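Asks: Here's the letter readout for the chains.
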Amino acid sequence: MDQVHGLKQILGANLLTSREQKIPFQTDASYFQGQEPLAVALPENVKQVREVIKFCQEHSIPVVVRGGGTALTGSSIPFKDFIVLSMAKFDKIIEVKPEDRYAIVEPGVKLDALNQYLANFGHFYPPDPASSMAASVGGSISTNAGGLRASLYGTTRNWVLGLEVVLPNGEIVKVGGKVLKRTAGYDLTSMFVGAEGTLGVVTKAILKIWPLPESKGRILAYYDTIDKVGKAISKLKGKGITPLIAEFLDRISMDSLSKTRGLKFPDEVDYMLIVDLSSTRESIDRELSDAAEVLKEFGPVSIKITTDPTEMDRIYEARKGAYSSLLSERESNSERVVIGDIVVPASELSAALKESEEKVKEHHLKVALFGHISDGNIHANIYADLDNREHMERIDRFQIDFGKIAIKHGGSVSAEHGIGIEKKELLEMELEETGSQYTMEIMKTIRKAFDPNGIMNRGKMFD
Amino acid sequence: MTESLLQKLEAEVGKCISCGFCESVCPTLSPSGYDLWKGARGRVLVAKELAKDLRSGSDGILHVSDSFYSCLDCYACLYVCPAGVNAGIVSHTSREIIASGMLPENENPVAKMIVSTTMKYLNPLGVREKASKWAEGLNFNDNSPDLLYTGNMFQLMPYTKSLNSLRNLMGRRMSKFMAGLVGKHPPLIGFISNRRDRDLDARMSQSLRNIVELLESSGLNVKYLGSNEPYPGTFIYDLGYADQFRIYAEKVTKILKDSGAKRIITIDPHTFDLLKNTYPKFVRDFDFEVVHYIDLIKDLDFGKSGEKVTFHEPCHLVLRECPYNSPMDLLRQTSEVILPARSGRKTRCCGGPNELLFPELSEKISEQRYGELRETGASRVVTACPICFTNLAKDEKTIEISDFLIEKLRK
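So the protein sequences, as listed, match chains A and B.
Sequential numbering from 19 applies to the first sequence in the numbering used here.
Sequential numbering from 1129 applies to the second sequence in the numbering used here.
Okay, chain B solo, but in the shape it has when bound (with noise of 0.2 Å):
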């Protein structure tokens, strides 16, 4: 397994010739003060000394565990590499590597964290039971072969909030000796997961009422597991715990399984390109037809309005081998759409698959990209993701795009 892992690593960073292009689109070198090990040329090269050290068994120790989980797997660099390298799968091998236990000093407390409370609780803060709050006095159709799955990750945000903020205050030193006792014994999780950042719950409860609204607009009466929902597992794979993303996998496919659903609606990015992508690789049987939502309310009439309005493409529906771009042109039958000058194959990434790990990071490249979004001088910006909203929420101006369907559609 692990020398699958080096040679893996050794393919990839043994391609790359050190040009440098990718550092011009890695959105974590300039806000980490391009200090390069935090850039995607950087990462390539530490991985290349970290392989060499591995296959030469050197006593030395590489420290490397920053470089590669501040990565955010937006993979920009691909798209700019002329040899085809991805600092992505650099990163996300050298953390397999370091999950896998070869490097034992580079483990990250909070990463630990998240993996042991996931796999205990079925979500990243043991909220599972909370995350169904939204949908009370709703009616589903638990007959329909229609499942909406909503992953957890619109109610996870108002807590990762709240516990960034809690994070501040502790400090960085302070934060990894909690995490660590919490990866040690999970139930401890409840003492640091009890706050929420209750303006953020309302808006996100909003937002996945007003997708049911627009699904139930387009005659659609779906599913739903409610606190039997599970999270799916996206931290375990990201952090390169590939073998407990496994034995993960398999449980929640169970889980939808045993819902008799045939067809599973995601609503966010990350949920969509994990199962549609990934859980094909990880679990034999995964033979649902995974859809995103808004493939399935484009024939409904939203209007076309003289707004202009500027669109955050994410990471996982862009800058995947085959784009999704069903959102941006959904966007378009409605407003006009001005692109900031990183888009598409381009896109800046907003910085938040780093917020549990590191959030000043996280927050300077949230401020890097919204100011781009801003210069493009449109009156609002649509996020499709609620890991992006959260981050590019920085002031009114910023909408997830099933409340801004909602309110065209009600028009």
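For reference, chain A alone in the conformation it holds in the complex (with noise of 0.2 Å):
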């Protein structure tokens, strides 16, 4: 209790203690149950987050940092005892630049949000993880996250210009900067990003914008296998045609999406694929033509061209929700989808999507696959019955087996969710395959210098 009376001191009424309060904080997107934490800290001001590290160091009382409270991977839940800390309250745009390409934000703005502030600059901020509404800027910087737009952009380490960072040992750093080039020693602002909180709290990021695409146009595809999918994409690639959006639904998807949003998509297929192009107005029309002959070189059941804003948005917002949307196919409310995140070269992907559906069969499970097709990202959402442990255990060969297809193709484990609880043995497992186990000694040894108590999210990433 002398800490919480310690802590109390410093954050007066923006410390929760009680029990009620904490219950939220202890969850968040991922299928793994935090515990109760020591106590919630809602700072309103830099000073106050660096005199709770100051204090949890000094009291070795381990640290989560919590932004939306929508990662995948457990990477923001507490364990016993830990203090959350919450950056919610820092939701403030502290300034927007767009003739130099710059917006400075607080982390707990939401990336939503931020991109309606922007729109009214004629700009936006490409990173749109399909948790966006509810992701906040700081989360999605700690786990690099990507979504639909990375595709043309990137994920969010591309966007990530400079960043205040309180330390672990309560030092406020400012690294990276205003400018879009900047060669001035180690890359400090990039190793921040991914690092899930365990490197420090960040308390104010300057994100790249860029100018919102003057036209853009969609085409619907749908194919009758998962191979045809993957070649169709690696044949447009290789046309040197890189889509602003490239994603591919199964047919469990597309029921979902059926259900929980009204879609309608014809019987008889069993893949979708949606490809965005970006460009002027006087050329799109001629660019989804160019791209649309290429995807029908593989036999698509049917095709289709729109550009039609409010269709769009339909169904951009609908595969968005596509991972909550699967939802409504479980068997009961006890199941859970637990979601798998790989990634291959573009090329590969035929082979991989082919050896995925594989293993779901040899694993006798019900998984629906989606994903960012053109990044190579596969997304296997995985029915879980949390209960059963023989299924769980099922689940976490198959966890195995689908890294390993990652790796053998050229790939990695993680594309975009980060590591979090989940993914830490398939981490050690990636760079073992790919001999690079002294990379793990690296990593140890950056954590170690930056936090050597091991307070910043302790038992996440890698122990």
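You can take every hint at face value.
Here chain A is said to cover these stretches of chain B; the calculated rule only asks that three of the stretch's residues, wherever they fall, bring their Cβ under 8 Å from a Cβ of chain A:
1. 1142-1149
2. 1165-1175
3. 1190-1199
4. 1210-1216
So, partial list: chain A residues that the calculated Cβ filter (under 8 Å) puts toward chain B:
5. P42
6. G87
7. K107
8. Q134
9. L345
10. V355
Read the hints as simulated data drawn from the structure, not as lab findings.
Since the model is a prediction, treat every value here as computed from it, not as a measurement.
Each residue gets a CB set at the ideal place from its N, CA and C atoms; glycine is no exception.
Dock the two chains into a complex; use the hints.
Replies: This is the structure we're talking about:
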């Protein structure tokens, strides 16, 4: 209780200590259930963040930083007697400077709210994880979130120019800056991106922003085999066409979207491919037509082009909600959807998708496959009965096999969701199978240099 | 009964996977300082824990009252939830569990006070008599099959506003003590309901008179129950007292039936929603035609001006299963309507329903919403609900739709 008293001195009413108030902070969007934290800190300013961190360091209290609570790997849940450091009150957009292509924002700003604001300037911030409605800038930096538009714009790492970070020893550092170019020593900004709160607390971010595309169009193509989907997208990219978005969905995913969003899909098709292109008003039609010709080479059951913004928005929003929509296909409320997240080079997609389907059958699992196909990112959404141990063990074995497929084809076990609790073993496996064990030593050394007592997100990423 | 409530709660929270989408639209979350249990996802997670405890017969008592009573029942969460979870239903069911007596430590004295005074006086503050003063001098048609049913809603606003000033003076603990006292001895309500905001009272009375004038201009001379008009019981239902609500709704129905009315003309969203969607589930012979007065005046010629106004859409009209858009449609016939970023199925509640139980939270929500409405650059903010009006009348730019329409009609 002395520790709680000490934190109360720093935070006053911004410290939550009752069991009831702490309950919602024990959960994120993953299937992992956290434990009761010692307290929840909701600091209002950098000074409070710094003092909380220093206090926790002094008393060896583990800290987990929380953004929007949308992590899928358990990276933002607390273990017993952790302090949850919620950055929700850091919710201001400080500056937008379109002519210099940057925006300075606090980490608690939600991604959709940021983009809604940037639209007033004719600009946007491209990273758009499916959870962008609820995901925060800080959380998406900490997991190097990707999203649908990563096909063209890459992941969060490509869009962070600079950061203000409170380090585990309480020092406040500023890395990077407002410029689009910088070659001044190590790229520490990039190091904090994807660090899952193990190296410090992001308190401010300078983000690169970009003008909104002048014109967009969409091709919807339906295929009867997954092999054709993979080959079609590889050919498209081989022809030099980089889609703004390229998503694929299987039948289970389409059925769930029909139920939850009222979307209609042809009955006889098993796979859907959504390809968006962005271009100038003058050339969008030609580019859509060229891309459609390529897709037609692989015998789609049907294919359609649309530039109707209402229809495009509806499908875009539906695809972003696809993960949660899968719940409509659950057999009981006790089932959850465990989401696998691998990436392979686009040219390996066809083979990787086929092998993934075989593994699904081998492990007798109900799995919906969808993903950001243009950058080789496949999501295997596994229906999981959390109360059935044997079933969960089978899922673990599938996840290992799914990860091995990624490694075999030159990819990675984690494309955009991070490591958290879920992929610690897979991360080790990837480094081992690729002969990169020493990389783990480097990462451990870095973590120890920043946080010798290991208080920051203890038990996550690696031990 | 309690088993069925528990099952209902388990079914609703069981669908949730904690994606957090609902938090992005929940009006109570950021004004509560991001205290998650006062946000949609947090309420579902707390309810999950509550259900688990109740099912296992755990001895530990969860003090969950503030989490569920602070929910505004706006249902904004439902329209962004990919799994179809309604945190409003979760909160309502949890309040029903509290009201059923299963969790006596969680009962809210203010809620109990409101229920007991309403049951006794057919009005939450015992001001039914005074609630008919606005109609003095007006001629109604006692033989009309159409009953103008105000539900006392406009009339209550000046009293609740004063009550909140009193609460601020007394502090939270004293207010709860007083509420507990009145809950046990309803006649004491007279001591705290003898104050009303006179300016607001004049404004609300004028709005009511304007509604009558609009109906008369449409050729409708309606009947009105005057001091016999009961409050519809919205609070009793919203606070989760289902058994008492059933008894109360039957009483109200009898009064309405005894009046000989065939059609009930409602004038505020809460009464409209309650009578149209909830009463038929609780009262077997509730067979009235329930209409909103806007539908009866839409053929009037209001003319069209170039004025740019914004409209705050009430949750109980646009966030229910069948959205009711007649006020907006009519407004568009008269002016240019610029909607705020959050509108339609994403409208943001004004915070009004929290006014009696969580006045500070209610105030913060209303400030946030008013800011959004002003950001549209419109010259005026039009509301179509007395609660919304009272909460959003931050300056002279806010106007009740009946006042706005009369102004246009007279031009």
